[in-house]
Amino acid sequence: MATFRQNVETTIPALRRYARALTRDTDIADDLVQDTLVRALRSEHLFHGGDVRGWLYTILTNLNRNRLRSLARRPALSPIEDNDAPDLAGPEAGGRDIERALATLVDDQRNALLLVVLEGLSYREVAEVQGVPIGTVMSRLARARVQIKNYLDGARPALRRVK
Amino acid sequence: MIDRNSPVTEDELHAYVDGELPPDRMNAVAAWLADHPEQAALVASWRLQADSIRAHFGAAVDEPVPQRLKLDQVLSQDRAAGRSWAAMAAAAAIAAFVVGGAAGWMARGASAAAPSRFDVFASEALDAHKLYVVEVRHPVEVPGSERAHMTQWLSKRLGEDLRVPDLQSIGLKLVGGRLLPGPTGAAAFYMYESPSGERFTMYCAKADLPETALRYTGGEKVAAFYWIDDKVAYVISGPADRERLEKVTKAAYEQVDKTGTKKL
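For the record, the sequence lines run as chains Y and S. Per my numbering, residue 1 is the first one in the first sequence, and the count goes up by one each step. Per my numbering, residue 1 is the first one in the second sequence, and the count goes up by one each step.
By construction, these hints were calculated from the structure, which means they are not laboratory data. Virtual Cβ for every residue (Gly too), placed ideally from N, Cα, C. Errors might be hidden in some of the hints.
Unchecked claim - Just the calculated beta-carbon pair ranges, DEER-fashion: (1) 4/Y x 250/S: 29 to 37 Å; (2) 181/S x 9/Y: 40 to 48 Å; (3) 65/Y x 30/S: 33 to 41 Å; (4) 173/S x 9/Y: 26 to 34 Å.
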C-alpha cells in the first residue's frame, strides 16, 4: 500500500507538467491533477499491480477529455489573444507559438504527442493510455507533427482532417 | 541485415526521433538520413518541435507541489467531503449514496460521465464569484433589503422555487442578488458579506442531473463547495478557507435542502 502511494506521489510533478501542457492554465491543470489523485486513491483497491504512472496518465487524459466535452457544450469561447497567425517576434514568442500550435491539434493527437515528447512514454505505453493499437498512436503522432509544422511554417491549419 | 539503402518508412522516421528503433536500425536510419537532406530536414523540424514543447512546459516539473496536491491533503479532503456531506444529508435520500464506504465511492466512480457536466456549474459560479466580489458600487442588481422581491423574481426566471438562505446566524449579511446566464439558462446569484468584508456567494441553476455528493474545489484564493439536489445545482464560493467555507455551506444547505425539509 505504501509503495502504491509513494509511486503516486513521485508522479505528481510530471502529472502537473502534462496537465499544464494540456490545459495551458495552471489552476485548471492543478484541478485536473487533484481530480486524478482523488480518483486514483479511491480506486486504490482496484489497482492490481502494474504501472501506476501509466494508470495515472490514463485517468488524467480521460478526465481532460470529459472536461473538453463539457466545454464543448458551452458556446465556444477562446481567449482573444489566442487567434490567428503565430507571433513574428518578441520574447516568449517561440513558446507561445508552440502553445498555439498545440491548441490547433485534435485532442487525441495532442495527448499522444505530449505523452511521447514531454512525458517520455513509449509508444506502447501511450497505446495503453489511449486504449488503441500502437499503429494508431503512430498515425496520431505523425498527424500532430504535420499540423504543428504547417502552423509554425505559417500555413494556417487549413482543413482539419478527420480520420 | 542492416542495409544502408533499405527503404526507410515515415513511421521509422518518427520512431527514430522518439528513440523507439532498435539500435542497429537506429544507425541505419541515421546513415540513410545523411544521404536524404529533405527527410533530414523534416526530422530536424520534429526535433525542434519536441525541444520547444519541453522548453515551454518542462519547467512545471520542478515547481514545488502545492499543498492541495499533497496526498495527505487529497485524502483528508476527500474524506471530509464524504463526512460533511453525510452529516448534512442525514435526513436526505442521498445519504444512501454515500454511506457504505467503498460501495458509495464505487457508485460515484461509476457515474464518471456526470461529474464533468456537474463541474461546469462550479466553474461558472467561480467565474461569477471572482467577477462580482470585487465590485464596490454594483455588486448586485437587487439589494438584500428587497429579499422577498428578489426571491420571487429569480424564482420566476429560473422556473424553480428558490430559497435565499438567511446566514445572519453565522454573521453573514445578504448583500443582494443578480440574475446570470448559466449553462442551462438563467442562474441566480446571491452575495453575502461578513462584518470584516469577506464575501461569499451562492449560485443556483437548474441541472438535469442526478443528485450528487458534495464536492470541493479549491484554488489559491477562492474555493467552492457544490452539489446537486432536486434538479438544482448549488455552488457556494468564498475565500479559500475550507473550514469556514464548509460552515457557510452547511448553513446554506440546511435552508435550501428541499428533500430534507419535505421529510421533516
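Status of the hints after comparison with the structure:
no.	hint	verdict
1	4/Y x 250/S: 29 to 37 Å	holds, 33 Å
2	181/S x 9/Y: 40 to 48 Å	holds, 41 Å
3	65/Y x 30/S: 33 to 41 Å	holds, 37 Å
4	173/S x 9/Y: 26 to 34 Å	violated, 43 Å
Checked against the numbered hints given earlier, this structure breaks only hint 4.
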